[in-house]
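Given the coordinates of chain A, assemble chain B onto it according to the supplied hints.
Just so you know, the protein sequences line up as chains A and B, in that order. As numbered in the working numbering, residues 186 to 692 make up the first sequence, in order. As numbered in the working numbering, residues 1427 to 1868 make up the second sequence, in order.
Rather than coming from a laboratory, the hints here were simulated on the basis of the structure. Only a predicted model underlies this, so the values are computations on that prediction, with no experimental measurement involved. Some hints could be false.
To give a feel for the contact side, a few chain A residues facing chain B, derived at Cβ under 10 angstroms [to be verified]: (1) Leu190; (2) Pro196; (3) Ser203; (4) Thr257; (5) Gly302; (6) Ala378; (7) Arg379; (8) Cys433; (9) Thr437; (10) Gln440; (11) Pro486; (12) Phe487; (13) Thr625; (14) Gly627.
Examples of chain B residues lying across from chain A (beta carbon under 10 angstroms, computed) [said to hold, decoys possible]: (15) Lys1752; (16) Arg1803; (17) Gly1839.
Even glycine gets a Cβ: it sits at the ideal position worked out from N, Cα and C.
Residue-level listing of the chains:
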Amino acid sequence: MSELLHISCAPHDRSSLSTKAVMRDVLLALLPTTVLGVWAHGWYSALIILLSITAAVLTEYAFDRVTKRNNTVTDGSAILTGLLLALTLPASVPVYIPVLGAVFAILVVKCLFGGLGHNFMNPALAGRSFLLISFGTAMTGYTLDGVSAATPLAELANGKTIDMLALAMGNTSGVIGSSALGLIAGGVYLLLARGITWEIPTATIGSTALFLMIFGGHGIDPAYLLPQLLGGGLLMAAFFMATDPVTCPSTTKGQLLYGCVTGVLIGLFRVKGASADSTTYAVLLANMFSNIIDELFIPLPFAFRIPKDFKKAIPKPVIILLVITLVAGAALSGVYVMTADRIAENQERANQAAFLEVLPGAVSFDSGDELKAAVEASQGAYGSVTVTNALAGLDGQGNVVGYAVAVRNAQSFDGGLALVVGIQADGTVNGISFTELHETAGMGMKCGEPDFMNQFVGVNAAKLTLNKGGASAGADTIDSVNGASVTSGSVVDAVNAALDFFAANLK
Amino acid sequence: MGERTFRGGVHPEEMKELSCEKPLIPYTPQGDLVFLTSQHIGKPATPVVKKGDRVLAGQLIAEASGFVSANIASSVSGTVKAVELRPTAAGGMGQAIVITSDGENTLAEGVGVKTDYHKLSNQEILDKVKAAGIVGMGGAGFPTHVKLTVKEPEKINYIIANGAECEPYITCDDQLMRSCAGEIVEGLEIILRLFPKAVGVIGIEKNKPQAIAAMQAACAGHEKISVMPLKTKYPQGGERSLISVIAGKHLKLGMLPADAGCVVDNVATIRAIYRAVCFNEPLMERTVTVSGDSVKDTGNFFVKIGTSAAELVQAVGGWKEGMEPKKVLFGGPMMGVALSSLDVPICKNNNAITALSYDTVGEETITACLRCGRCNRVCPLGLSPQLMQVAAMRKDYERYEHRLYGLECIACGCCTYTCPAKRPLMQLFKVTKAEIMAAKKK
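Bound-form chain A, shown alone:
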């Protein structure tokens, strides 16, 4: 024997599985979604994907070089982050968006925290949230065939029916990687190839579905539930984002709990949240809990577990938790159902008071069929603002003294606001009154104070503009509340919608 023998500690054999193979499997699983995404959104989306991947890989390579580390690009994880990020971008973003997102994801979230295996949250989603905060308009400008359009979930929120076939193929307004069919195919492939385990996808989708059934307000109506489950990035999150091994717990029970946390957060953000990006933030938040969850569920070695015969008598804490959650959920929804009438009654009374406030001369209000039809016809005409009611105010003799138009703006600083605008027959604003306002105390809430509200009294204009600073420029401008330009803006938008509605239907 010429050469020396190698010695090492056992085991001397290793499985053929490598980090590279793990990453390759996930990339393969994303292939159908990517192909369908490019098919649905055109070649420009392919450019976005390419840019994102290139930027991710180059960033990691440069970081390794600058910090004199071993080249880690070959493990394929940077490619994966780049692709995942691109698939969560709208198809028509400017070219700098994927580049900036990928650089942030790789450099800040991954490399600075120690590289692969050490990032504490999903780099792709962190990159996406960075973009959402920095470039809100571009990032929420969803298009289909180059034309801006509402996403399926936004349409669903407005009571429309969703074309399920388009949703399955990803041929809808939304992010590039939104094909439900492609995502499910990829998820099933990963499950079969053992790239992921069943716990996280099942728990995430299951708990989202459960939450939406209880709190979504539509029960188990499939026309509501199916689009909710197949759209809005839930599948992407359940199969590809939440399952990122680096940022999810590694124990079975931990993964189940983590999936539930993700699912409940998604449900909560969808039902109650102001932002359309429920899944991004839900997964990032759940990431924060991964280590704590792992710590909670360190499995006992088999030898320390209670033998099966005794086990039956002791319910698992998981079951207890589940029962508590279910009971609490049922109780909450029960309370809601029982008090729904009372709430509606109170609301009605508040509305009546608001109507009287803005049209003090009226003694009764009348809502004719014509008005109802006009309200119905105006749905969707004012962007985030909807006209919810319009009434004619009558005096004691039955003469019209003015009109009260109730409007709701879904976009405000915090969850939307609603108000009633009183308009005299000649179009002069008589006053406004809030029926729903829950903005930041001391800032947005100041919109509910006379200083702000009185600006609307006596204005007669087709459209009001918001003045964000300096002296008031004219009668048809409204001075913003200092530090609450978003809330002020949405109030002005709502009033403008009411004025528009008045001009179109009542003048």
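Positioned in the frame of chain A, the structure of chain B alone reads:
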């Protein structure tokens, strides 16, 4: 499915086809024989011969130096050449008795005399096993008489004959079960004598259908002995795995199989017990598989204890051209010991020489842990290697020992085998265990 098995485990490539059809043939040693005095767990034996002494085959040459120790007998007749330090498989030097064979194989007095074990008392059976110097021949080398000396023999429910042979490459137990099934069953009957309430179960992995058939045929007529085919999975042949499959009990650190009502012995050990009790034969030879991709041919041999490993490699034709070994192992690739030189003798517990032309461990690059949890899923003890490695690297031994039960690790290597990042988990755990143990002694 429906196969009896344990939780976790891995499926390494079996590689048994290389040698599984090679019948056991006796190998006659050519050179000197080297008998290390430490071929077992426990204290090394004390030599009772000196340079120049003439010894006969089966004659005691080193005697047990305590309860947990074992006698050593010469496997040939000849002259003691030296009592000196010789290299061991582990890489160090150990005291050894070197004997030059005279080629006659003259048996010592009394060796080979047939005895009817039915006429022996339990204590006489135990004494014979002890005198024969029998140790666990599956790899551990734990003195068998210690295992069989149980305080309360009535509490033993299972005598498990371990024929799982879950290590890749190794086929000598397979061949032994095919050719000596009757002797193994007789050996099991002898052990059952010692434990009145026990039944004998022979556990064999399903990838050895001929061995299963042979053992089943040999079991016919023996009411208390049965064969249990087991799922082919590593480490099926581990003591704890077998006990969890057959007795449904999990052992903790420090627990002996007897605490779970089990005695586990390798089939080769059981055959040695039969030979010792019925033929008064000390442990002189054992079965060895020579395999791997570096050897010209493969083979299964009855090898005299003390034969040099280099000789056995020559017995199968030496190295293949252009496939010289990078690694030679005593044992299989999962738990074997890597040799630094072939100049080491076969000991009582060496069941195989595996010569590999590649070194998977040296060729792989270690990358960062992905926290994928694959290691947690394959651990046959239900430990969390992923968390253990973090604690071990931070030297957080408190957490390692008490929160993660790290000392329970049996070093089966499943986690290390399966890790996609190729992290040396088991190596880390071994070092950590040693450090914790050392700190405890202080």
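Do the numbers back the hint for alanine 378 of chain A, that is, is its least Cβ distance to chain B under 10 angstroms?
Check failed: Cβ of alanine 378 of chain A comes no nearer than 12 angstroms to chain B, outside 10 angstroms.
Report holds or violated for the interface hint on threonine 437 of chain A, using the least CB-CB distance to chain B and a cut-off of 10 angstroms.
8 angstroms, holds
Report holds or violated for the interface hint on phenylalanine 487 of chain A, using the least CB-CB distance to chain B and a cut-off of 10 angstroms.
Hint on phenylalanine 487 of chain A: holds, closest Cβ of chain B at ~4 angstroms, below 10 angstroms.
When the nearest CB of chain B is found for cysteine 433 of chain A, is that gap smaller than 10 angstroms?
8 angstroms, holds
Would you settle whether the hint for glycine 302 of chain A is holds or violated, based on the nearest Cβ-Cβ distance to chain B being less than 10 angstroms?
4 angstroms, holds
For the hint on glycine 1839 of chain B, just tell me whether its beta-carbon gets within less than 10 angstroms of chain A.
3 angstroms, holds
Glycine 627 of chain A was flagged as interface toward chain B. Is the shortest Cβ-Cβ separation under 10 angstroms?
With Cβ-Cβ at 44 angstroms, over 10 angstroms, it is violated.
Once the shortest beta carbon distance from lysine 1752 of chain B to chain A is found, is it less than 10 angstroms?
This hint holds: lysine 1752 of chain B lies near chain A, its Cβ roughly 5 angstroms from the closest one there, short of 10 angstroms.
Interface hint outcome for serine 203 of chain A [beta carbon to chain B under 10 angstroms]
Check passed: Cβ of serine 203 of chain A comes within 5 angstroms of chain B, closer than 10 angstroms.
Evaluation of the interface hint that places arginine 379 of chain A against chain B, nearest CB under 10 angstroms:
8 angstroms, holds
Taking the least C-beta to C-beta distance, is proline 486 of chain A closer than 10 angstroms to chain B?
This hint holds: proline 486 of chain A lies near chain B, its Cβ roughly 5 angstroms from the closest one there, short of 10 angstroms.
Could you check if glutamine 440 of chain A really has its C-beta closer than 10 angstroms to a C-beta on chain B?
8 angstroms, holds
Violated hints for the displayed structure, listed by number in ascending order: 6, 13, 14.
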